[in-house]
Amino acid sequence: MSKSQTWGIVAEFDSASAIYQAAEKTMANGYQRVDAHTPFPVHGLDKALRQGPSPLGWLVICCGFSGICLAQLMMWWMNGHDYVIWTSGKLPYAWQSTIPVTFECMVLLSGFGAVFGMFGLNRLPRLHHPIFQHATFWRVTDDRFFLSIEATDPKFDRTQTVRFLESIGGKHVAVVEDIQ
Amino acid sequence: MTAPSLQQLAPHVVSKVKEGDLAKAQMGLLGVGAVLIGAAWATGSGDKSFVWSYLVGYMGVLGICLGALAFVMIQHITRSGWSVVLRRTAENIAGALPLMLLLFVPILIYFDDVFSHWVHANVDQVTHAAIPPDDPRFDTILDGKKAWLNKPFFLVRVAIYFAVWIGLALVFRRGSLKQDETGNPEINLKLSRVAAPGLLLFALATTFASFDWIMSLDPHWFSTIFGLAYFAGGYMAFFAYLILLMRWLGTQGYLKDAVTTEHFHDLGKLLFAFMVFWTYTNFSQYMLIWYANLPEETAWYAHRAHGGWGVIGMVLVIGHFFFPFAFLMSRHVKRNPIALAFGAIFLLVIHCLDMQFLILPNHHHEPVAGEGGAPAVAAEHTSGIADYLAHMHWADFGCFIGILAMVTGFVLMNIRRSNLLPTRDPRLAESLHFQNI
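So the protein lines, in turn, are chains A and B.
Residue numbers for the first sequence follow the working numbering, beginning at 2 and rising by one.
Residue numbers for the second sequence follow the working numbering, beginning at 9 and rising by one.
Don't take each hint at face value.
Within a straight-line C-alpha distance of at most 27 Å, the following computed DSSO-like cross-link-like pairs (lysine-lysine) qualify [unchecked claim]:
#: 1; chain 1: A; residue 1: Lys-156; chain 2: A; residue 2: Lys-48
#: 2; chain 1: A; residue 1: Lys-48; chain 2: B; residue 2: Lys-277
#: 3; chain 1: B; residue 1: Lys-24; chain 2: B; residue 2: Lys-186
#: 4; chain 1: B; residue 1: Lys-186; chain 2: B; residue 2: Lys-198
#: 5; chain 1: A; residue 1: Lys-48; chain 2: B; residue 2: Lys-24
#: 6; chain 1: B; residue 1: Lys-24; chain 2: B; residue 2: Lys-264
Covered stretches of chain A, as calculated for chain B (at least 3 residues, CB under 8 Å) [as the list claims (entries may be wrong)]:
#: 7; stretch: 35 to 48
#: 8; stretch: 88 to 98
The set of hints was computed from the structure by calculation and includes no laboratory data.
Beta carbons are placed, not taken as given, at the ideal position from N, Cα and C, and that holds for glycine.
The shape of chain A in the complex, shown without the other chains (with noise of 0.2 Å):
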């Protein structure tokens, strides 16, 4: 038996400047689970949604110097601890020859902190999300602007908060199921 919720209600723009101020409107009428979804990034747009800024840049930060620390460690261990060769006269753990496969080690963790990080933080991967049984939200991809309200919004009304997208300009305004 699939079992049905209220996921939101999404509404329809034809522009980037409609959107920016739908954002605009949405924000100051007191809603908080508020989303863009357009074809391009809009300059401005998380501004105006009010969104605070990206944790991601403290997980790569972290995962950039764990990286660090583990090319230290393994080339201490390897080249210093367990396996010594002397070549060249060189020490076997110099700290010349680890600045390469250090670096090497913290651009490699950082850009898997960074993409996978904002895998995470978007919920990614996933194959289905019930914004997409919006009747025309195909076009997100192609030339229409979209705001959505989540259900979890303490201000969301099923019937108030259409009319309100619908009084701001949003066409084709729907309210989405989540079916489970």
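Chain A is fixed; fit chain B onto it per the hints.
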């Protein structure tokens, strides 16, 4: 078809410096610069000879002017939109290269002192007779480099380098100024076509100039990455200088509404990037020499481990990399005008110290083991900061400040004569509304 002008796009932005405004600053900077250079000349003597301090300052400031020229060409070749509001100022800084040609004269006057290591190679100091090849004093390596390291060809090369730099600086500045009048967008296409071979010529001229004017101070030594490492430091210093100049123009009421936090943020990113690039090139040079451990290559670093230069090397590692890396990493710092200006001033001082590290040890180093048959340096030889302070002359910083002041005065003259930004560039609107994502 012409692009919309600044008047149409942003009527509130002042496009030209008011008649007579900034004149005091211009004359003051030219005067202060001349006085500082004169004082350096008057107080320098013997071990603390003027021309070495002058070469430090000259190469430090030349890197900034060359960085400006490279910046202009890269903006054209990449057809950048964000940087249009900054480009005229960069063109004006590159426009100071004719002054740099004039300021090269003292180096020519003291030519035999600065380049004494190779200009008198295989010539007896007393009799001025040529040393025969079977003489133990005969320097085979310098004899082999004779074709490049000789005075007439050196002077020809000076002319070629400046012809390339000044020629390119004039082409790009004049094209841009012409567009202010005609509004012809074709000029951008033409300049982007000039920028490609222009950058190639620029890279060759800059590389060989750094070989001639810094690397040849130690004529036995060689490093193929040297030109790039010099350019990396200069390009970084250019961004630091541009940040400070734009900030100052802002306080004078110019370009405040055109050059926004977004542009400063991007300049901060480039400052950070080329600070790291300097580290990358310098470490590449150091590590390969350390690995190969060949005496003819390691001698250069051996000079810089003595006479206090070891400490300066560590200061560079921290001050040219670790500290600014941590400091400039955050976007909040790059978007904060005071923090960014501090970072820029700090890196300009470090840039001057970098030039000292490249140039001065060849002047007042003591011979190291093996060099010219010298005995090994005694173990009790001190190598602390006190050694550096004992050898240094105030002009090692004073000449850099003096030449930078003169160049800034000259740049202000350029700024006062032209529009403050390319008023009819087709990408001006994009630049005025530029936002970081």
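Hint check, failures only
5
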